[in-house]
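The listed protein sequences correspond, in order, to chains A and B. Counting in our numbering, the first sequence runs from 1 upward without gaps. Counting in our numbering, the second sequence runs from 1 upward without gaps.
The set of hints was computed from the structure by calculation and includes no laboratory data. The reader is advised that the hints may include incorrect statements.
[To be verified] Derived list of chain B stretches under chain A, where covered just means 3 residues or more per stretch with a C-beta under 8 Å from a C-beta of chain A:
#: 1; segment: 92-102
#: 2; segment: 207-218
[Said to hold, decoys possible] Interface residues of chain A toward chain B, partial, derived using beta-carbon atoms under 10 Å:
#: 3; residue: Asp-21
#: 4; residue: Lys-23
#: 5; residue: Arg-69
#: 6; residue: Leu-72
#: 7; residue: Asn-116
#: 8; residue: Val-117
#: 9; residue: Ser-123
#: 10; residue: Lys-124
#: 11; residue: Ser-131
Even glycine gets a Cβ: it sits at the ideal position worked out from N, Cα and C.
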Amino acid sequence: MSDDKKQSDPIMQWVTFCLGDEKYGINVMQVQEVLRITEIAPVPGAPSYVLGIINLRGNVVTVIDTRNRFGLSSKEPDDASRVVIIETERHIIGILVDSVAEVVEMRVSEIETAPNVGNEESSKYIQGVTSRDNKLLILVDLNKFLSEDEKAELDMF
Amino acid sequence: MRHSKSPQQIVQQKLALDAYLSTLLDEVPEAVPADEAPQKKSVEPVVQRVVVTQPLVQPLQNELVAFEKPAKLNPLSVMPDWAQHEFQALFFKVDHLILATPLIDLSRTIKIDRKPGKIPGQPSWFLGLLDEHDSRIGVLDTGQLIFGKLRGSQRDLEAKPFKCILITQDKRWGLACDEILSIGKLKPDKVRWRTCRQKKPWLIGTVIEELTAIIDLQELVPHRKRNS
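Please model the entire structure based on the sequences and the hints provided.
What follows is the structure in structure tokens.
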């Protein structure tokens with residue numbers, strides 16, 4: 001592959017995680033660390049997608065119920081469950097996932113735009129889709145994972 | 001007994017007759033001549049009445065014409081090309097309902113051997129994406145699209161998953177169904193076509209004999225807002 005093509009079609013790395021039967025990917029550059037499940041303190045009056053808060057080396061981090069966010073049924077955390085600490089534009093948040101799988105590399109050209117048959121708002125955080133091992137991999141844009149109002153709300157916890 | 005008329009009587013009768021005739025003659029000039037102004041006055045109202053009656057008649061005629069138009073309209077003239085001649089249709093089953101769709105709108109059918117990848121934030125009738133050969137198909141819950149969200153979404157897809165998918169000609173959409181039944185030929189005159197499809201535009205007609213609904217897939221599948 002020529003240098004020009006490498007620049008126009010760069011390789012990206014994605015941390016993949018599972019929720020139910022689906023596999024999702026998030027940009028590795030936005031993943032700070034992956035934690036085993038610890039005690040999550042509930043926050044009174046928090047929206048349903050907020051599981052609670054954790055103390056991460058002296059910092060309070062809000063943990064999001066990713067299943068709730070993606071419209072999936074809830075599931076009790078188990079040994080495979082992980083809290084992925086991610087960095088969005090202004091916040092550091094944790095997302096609870098069923099399990100973390102691997103880090104995959106792919107070229108930008110391999111990413112297809114996901115169809116949007118609902119309203120634009122409901123799935124704007126879906127960056128695209130691709131295939132890995134004959135299975136669909138859904139790529140999530142963490143910067144759009146929460147709306148501006150929701151991000152502002154997190155500041156109050 | 002013979003009565004002889006006196007000259008006075010005759011004069012009186014003559015006067016009476018003259019008076020009667022003159023009365024008749026007095027009435028006639030007002031109605032008959034055409035050139036005199038007073039006569040025009042008497043004619044004009046008649047003409048005006050005719051003029052007035054025309055609009056009363058015309059709207060009725062217009063209404064009749066307007067009423068007759070749909071009856072005379074050939075339903076096929078507003079139907080897609082495939083409906084103009086005998087066409088092949090695929091009969092399939094969703095729940096207990098048998099439906100048909102023109103074969104020309106389909107590329108192939110597949111059995112579902114794996115779950116479609118569910119995309120978060122999409123409507124419940126969008127079951128997800130399925131990689132099939134060289135295409136990525138958006139799988140639709142045909143039951144929900146046809147029966148409506150209330151009735152269609154009552155189905156427990158975990159307990160009773162769909163078994164087959166009809167893939168559209170452009171290979172972008174797949175309609176999940178329970179069973180693929182058969183392929184049959186349909187003649188246009190054996191179908192009651194829906195010429196007015198403002199509601200349920202995907203229901204294009206009904207096979208008269210079997211009372212099977214014919215689905216226009218072009219109208220049933222959504223139009224992708226992105227990646228189109």
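Open item on the list: For each hint given before, does the structure comply? Return the numbers of the non-compliant ones in rising order.
Closed with: The structure conflicts with hints 1, 2, although it agrees with all the remaining ones.
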